[in-house]
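Novice: Here's the letter readout for the chains.
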Amino acid sequence: MIDRPGRWCYNLNSMHKPIAVSILFILLIVLAACRPAAGEAGEAGVAIQNVGSDTIVNLALAWAETYQTQNPDARIAVTGGGSGTGIAGLINGTVNIANASRQMKAEEMEAAEENGITPVEHVIARDAIAVIVHPSNPVDNLTLPQLSDIFSGRITNWSEIGGEDRPIVLLSRESNSGTHVYFLEQVVRLGDKHASILFSPDTLLMPSSEGISAEVRQNPNSIGYDGLGYVTPDQKTIAVAADAGGPFVPPSIETVNSGAYPIARDLYMYTNGEPQGAIAEYLNWIRSTEGQKIVGELGFVPLEVE
Amino acid sequence: MDDFPAGEAVRTIIVIAMKISRQIRQQLGFALLGITTVIVVLPILLLVGYIVAQGASAISWDFIAAMPRDGMRAGGLWPAIVGTLLLTLGTAVFAVPVGVAVAVYLAEYAQDTLLTRIIRLAIVNLAGVPSVVYGLFGLGLFVIFLQFGASILAGSLTLAIMTLPVIISTAEEALRAVPQSFRIVSLSLGGTKWQTVRRVVLPQALPGVLTGVILGLERAAGETAPILFTVAAFFLPRLPQSIFDQTMALPYHLFVISTQVPGMPVRIQYGTALVLLIFVLSMNIVAAITRSRFRAKRQW
Amino acid sequence: MKNSFYETLIERLIRVTGVLVILFLALIFLFLLREGGATFFEASLRDLLRTRWYPNEEQFGLLPLVLGSLMVTLGAAVVSLPLGLLTAVFIAEVAPRWVREILKPFIEVLAGIPSVVLGFLGMLVISPLIREHLGAPTGLTALSGSVMLGYMALPTIISVAEDALDAVPKSYRDAALALGATRWQTIWRVTVPAARSGILTAMMLGIGRAIGETMAVMMVTGNAARMPLTLNSFLMPVRTMTATIAAEMGEVAQGSTHYHVLFAIGLVLFLVTFLINLIAAWTIFRQGKRYGRLLS
Chain S
1 MIDRPGRWCY
11 NLNSMHKPIA
21 VSILFILLIV
31 LAACRPAAGE
41 AGEAGVAIQN
51 VGSDTIVNLA
61 LAWAETYQTQ
71 NPDARIAVTG
81 GGSGTGIAGL
91 INGTVNIANA
101 SRQMKAEEME
111 AAEENGITPV
121 EHVIARDAIA
131 VIVHPSNPVD
141 NLTLPQLSDI
151 FSGRITNWSE
161 IGGEDRPIVL
171 LSRESNSGTH
181 VYFLEQVVRL
191 GDKHASILFS
201 PDTLLMPSSE
211 GISAEVRQNP
221 NSIGYDGLGY
231 VTPDQKTIAV
241 AADAGGPFVP
251 PSIETVNSGA
261 YPIARDLYMY
271 TNGEPQGAIA
281 EYLNWIRSTE
291 GQKIVGELGF
301 VPLEVE
Chain X
1 MDDFPAGEAV
11 RTIIVIAMKI
21 SRQIRQQLGF
31 ALLGITTVIV
41 VLPILLLVGY
51 IVAQGASAIS
61 WDFIAAMPRD
71 GMRAGGLWPA
81 IVGTLLLTLG
91 TAVFAVPVGV
101 AVAVYLAEYA
111 QDTLLTRIIR
121 LAIVNLAGVP
131 SVVYGLFGLG
141 LFVIFLQFGA
151 SILAGSLTLA
161 IMTLPVIIST
171 AEEALRAVPQ
181 SFRIVSLSLG
191 GTKWQTVRRV
201 VLPQALPGVL
211 TGVILGLERA
221 AGETAPILFT
231 VAAFFLPRLP
241 QSIFDQTMAL
251 PYHLFVISTQ
261 VPGMPVRIQY
271 GTALVLLIFV
281 LSMNIVAAIT
291 RSRFRAKRQW
Chain U
1 MKNSFYETLI
11 ERLIRVTGVL
21 VILFLALIFL
31 FLLREGGATF
41 FEASLRDLLR
51 TRWYPNEEQF
61 GLLPLVLGSL
71 MVTLGAAVVS
81 LPLGLLTAVF
91 IAEVAPRWVR
101 EILKPFIEVL
111 AGIPSVVLGF
121 LGMLVISPLI
131 REHLGAPTGL
141 TALSGSVMLG
151 YMALPTIISV
161 AEDALDAVPK
171 SYRDAALALG
181 ATRWQTIWRV
191 TVPAARSGIL
201 TAMMLGIGRA
211 IGETMAVMMV
221 TGNAARMPLT
231 LNSFLMPVRT
241 MTATIAAEMG
251 EVAQGSTHYH
261 VLFAIGLVLF
271 LVTFLINLIA
281 AWTIFRQGKR
291 YGRLLS
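If you read the sequences in order, they're chains S, X and U. The opening residue of the first sequence carries number 1 in the working numbering; numbering runs sequentially from there. The opening residue of the second sequence carries number 1 in the working numbering; numbering runs sequentially from there. The opening residue of the third sequence carries number 1 in the working numbering; numbering runs sequentially from there.
If we strip away everything but chain S, and leave its shape as in the complex, we get (with noise of 0.2 Å):
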């Protein structure tokens, strides 16, 4: 202590911890001043934010992972969080490309504008959505009438549509997911624009995809919706007809492309303005047929590639 004179290191430490400080503000408000210029997005270095639909997460991850692979200097980072998040990243001019499972409502748009931006629609893909049950329900068939009903809430026991006796636990995705809202206008409420019927507020609203299979593989009370890509052999789909009378049609990518399959939907990703340099490389690969490739692979509806 104060007989150890010269221990210079407790002085460096205690010394100089508020003038650090002082330092350390100082810093904080110079590196406030001088960003590094942001770049164009996908050149040396700044990498092109594709954030948005967890739908399409895992297919973009599988895109950006392949196609950096064959172009080294390509730089894409992946982010999910929904349609909603993607959409409003890309009017907030933070994200390069948002991928979306629906397409941009009227006020995104306007929201757009007012910000500068306008945004482009591009297909990546088709989806459909299957509706999944635990392989032991002995439902097989359901019209959208009567999904209508369970998820609103109308109808609420499975022994109603011809199962067992058990609750019907919905599980969907949260809000801000585009295969929510898709579900939401096409099935709950028919097609109907004008419509104003919700889901039940008993709906759990899971995280994502992942959470919705992991509920309905272990609970035989469960049903829930997700993307054909989603589906794994531990889960059974249900076929959907349009109404009492049509054919039931189970989902699979013949029928999407058939359009059997009622609730079939188109895959997006939005840019601000027609791309460009390494943005319109990148969509341009994912539209040709190596990248429609991996679409086949992860379960989702390749595009028709001329």
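Rather than coming from a laboratory, the hints here were simulated on the basis of the structure. One or more hints might be untrue.
[Stated by the list, open to error] Stretches of chain X that chain S covers, calculated by requiring three or more beta carbons in the stretch to come under 8 Å of a beta carbon on chain S:
{"#": "1", "segment": "230–238"}
{"#": "2", "segment": "259–271"}
[To be verified] Think about it this way: if two alpha-carbon atoms lie no more than 20 Å apart in a straight line, the pair counts; the simulated EDC-like pairs of lysine to aspartate or glutamate are:
{"#": "3", "chain 1": "S", "residue 1": "K193", "chain 2": "S", "residue 2": "D234"}
{"#": "4", "chain 1": "X", "residue 1": "K193", "chain 2": "U", "residue 2": "E7"}
{"#": "5", "chain 1": "S", "residue 1": "K105", "chain 2": "S", "residue 2": "E121"}
{"#": "6", "chain 1": "S", "residue 1": "K193", "chain 2": "U", "residue 2": "D166"}
{"#": "7", "chain 1": "S", "residue 1": "K193", "chain 2": "U", "residue 2": "E58"}
{"#": "8", "chain 1": "X", "residue 1": "K297", "chain 2": "U", "residue 2": "E101"}
{"#": "9", "chain 1": "S", "residue 1": "K105", "chain 2": "U", "residue 2": "E57"}
{"#": "10", "chain 1": "S", "residue 1": "K193", "chain 2": "S", "residue 2": "E107"}
{"#": "11", "chain 1": "U", "residue 1": "K104", "chain 2": "U", "residue 2": "D166"}
{"#": "12", "chain 1": "X", "residue 1": "K193", "chain 2": "U", "residue 2": "E11"}
{"#": "13", "chain 1": "S", "residue 1": "K293", "chain 2": "S", "residue 2": "E254"}
{"#": "14", "chain 1": "S", "residue 1": "K293", "chain 2": "X", "residue 2": "D70"}
{"#": "15", "chain 1": "S", "residue 1": "K105", "chain 2": "U", "residue 2": "D166"}
By construction, the Cβ of each residue, glycine as well, lies at the ideal position given by its N, Cα and C atoms.
We have chain S already, so just place chains X and U on it with the hints.
Specialist: Frame of chain S, contents of chains X and U only:
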């Protein structure tokens, strides 16, 4: 429901219990307390053991040091580990100087004024703010208002403010634990107050301060909510290059792979949980060692 | 003379950092107020008190979320308060020295387990158990959340309560024993009442921790914004305020009503924990003790 036999049994037990001697009642009481403690402690042991059992098979050098492949389902955790290390370091850089300075103020310079009471109140409150509210605050101030964007800088600053209360309180305790006699001797030998603090009190309190710092950083390393909106990313093509970059982080990574990636082998999920646990608990061990060395070596 | 100028400068700087702490807290409050307060220009109070939370369609009823948080916290309190107090009593008064030395670091270990790990375990292990053995439609329930939260609040309660019990002067116990009381009677009629303000503080801090927890509840409570009005609701899913913010913040466009409402929820959380901490701190200050270990 056949409640009655059970009700009768309970009543009988109570009557008997009241007649038993105080000594036996005391033993029973102590046993009850012991059982309660076991109820608290045992599940944790079981749960941690479960993670170890399920996740140990996934641990390998590759798992730790390689980049993730195949949509995170294979390969390693390296970017997440690096990210957590960077964030912990960033938190330390901002929180330690400020925290120790405040602790010095409270222990050595402050009088019992209204201002001091308000400062202490503020510290207790900072400790109580929910982690997701810190995330909101970090988003509002650092990401949006100061325009740092989602970055290591924003994340570190947010985590730093969150960690301040822990560092301040333990550092202050450590400083106060230094006996007054040390200060008196130093002052009587002609040292100024600041010299006394700098050369006498702080060095003596250093191990205690260090313990607090480590415990605080351990908390920061394990948090997810504050980094959700301020820095974390699902997949980045390469390691972060500057403090304005986003980064992956272990807690967020565990959250993502257990809730968002389909077909994620359960083994890898448990393995990631295990790595995070090891990371955090080893800091615990270091802190405990520092604390006991402090007790052994201190000069009073 | 230069020396004393330097000396004063350092002292001033150090005092400034003290004020910084207040500044941070005020900043947090101000930001929440700024972004959250705007809600009241865009949605009426009546709108916020509705029972349906569906932001996509501009339905911002906060009641299900507030009740959800309350319910999970209540359950956590029921789990952690008795267990925490009894364990603290055990560690402070009953356990032999060697047991204490093992238990105390162990409680610290529990405190260090990240909430995302507990949520992960809750999701994979506890939820299926609750579904299979308690007959709940799904294992993702308020009860699951309460159990996980209860365990997360335990270390706080135990360590603060134990400190409080430790601080009771030995003379109190000695006097009781000298008057012929058993140790058991001494604990419950002398020591615990003497430490009651510290124990109360411990409980409040534990509850504060439970209210503010995010990741664990997000992973195990199912996140369904339903109104939990009956006792049965413990076996049904709920959605807490914290999980709502974490789940939805990423998707909001800045400046939208949804954005402002989420900040308003954050403001509510801040004020609730502020109030709890205020009461807890006031109790400590009345006794003139320091709050030392309760923050670690």
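Novice: Give a verdict on every hint.
Specialist: Hints and how they fare:
Coverage of the segment 230–238 of chain X by chain S holds in this model, with 6 residues showing a Cβ closer than 8 Å to a Cβ of that chain against a need of three. For the segment 259–271 of chain X, the stated coverage by chain S holds: 6 residues have a C-beta nearer than 8 Å to a C-beta of that chain, and at least 3 were required. A distance of roughly 35 Å separates the Cα atoms of K193/S and D234/S; the hinted pair therefore is violated under the 20 Å criterion. Annotation: proposed proximity of K193/X to E7/U holds, straight-line Cα distance about 8 Å (limit 20 Å).
This hinted pair checks out: K105/S and E121/S have alpha carbons roughly 12 Å apart, not beyond 20 Å. For the given pair, K193/S sits about 67 Å from D166/U by alpha-carbon distance, which is inconsistent with the 20 Å threshold. At roughly 16 Å between alpha-carbon atoms, K193/S and E58/U fall within 20 Å of each other, so this suggested pair holds. A distance of roughly 19 Å separates the Cα atoms of K297/X and E101/U; the hinted pair therefore holds under the 20 Å criterion.
Taking the CA atoms of K105/S and E57/U, the gap is about 12 Å. The hint holds against a cut of 20 Å. Restraint check for K193/S and E107/S: the C-alpha separation of about 15 Å stays at or below 20 Å, so the hint holds. Pair hint K104/U plus D166/U holds up; C-alpha atoms about 13 Å apart against a cutoff of 20 Å. Distance restraint check for K193/X and E11/U: the Cα-Cα separation of roughly 9 Å lies within the 20 Å cut-off, and the hinted pair is therefore satisfied.
Between K293/S and E254/S the alpha-carbon distance is near 15 Å, which keeps this suggested pair within the 20 Å criterion. Restraint check for K293/S and D70/X: the C-alpha separation of about 16 Å stays at or below 20 Å, so the hint holds. Simply put, K105/S and D166/U have alpha-carbon atoms about 62 Å apart, too far for the 20 Å limit, and the pair is violated.
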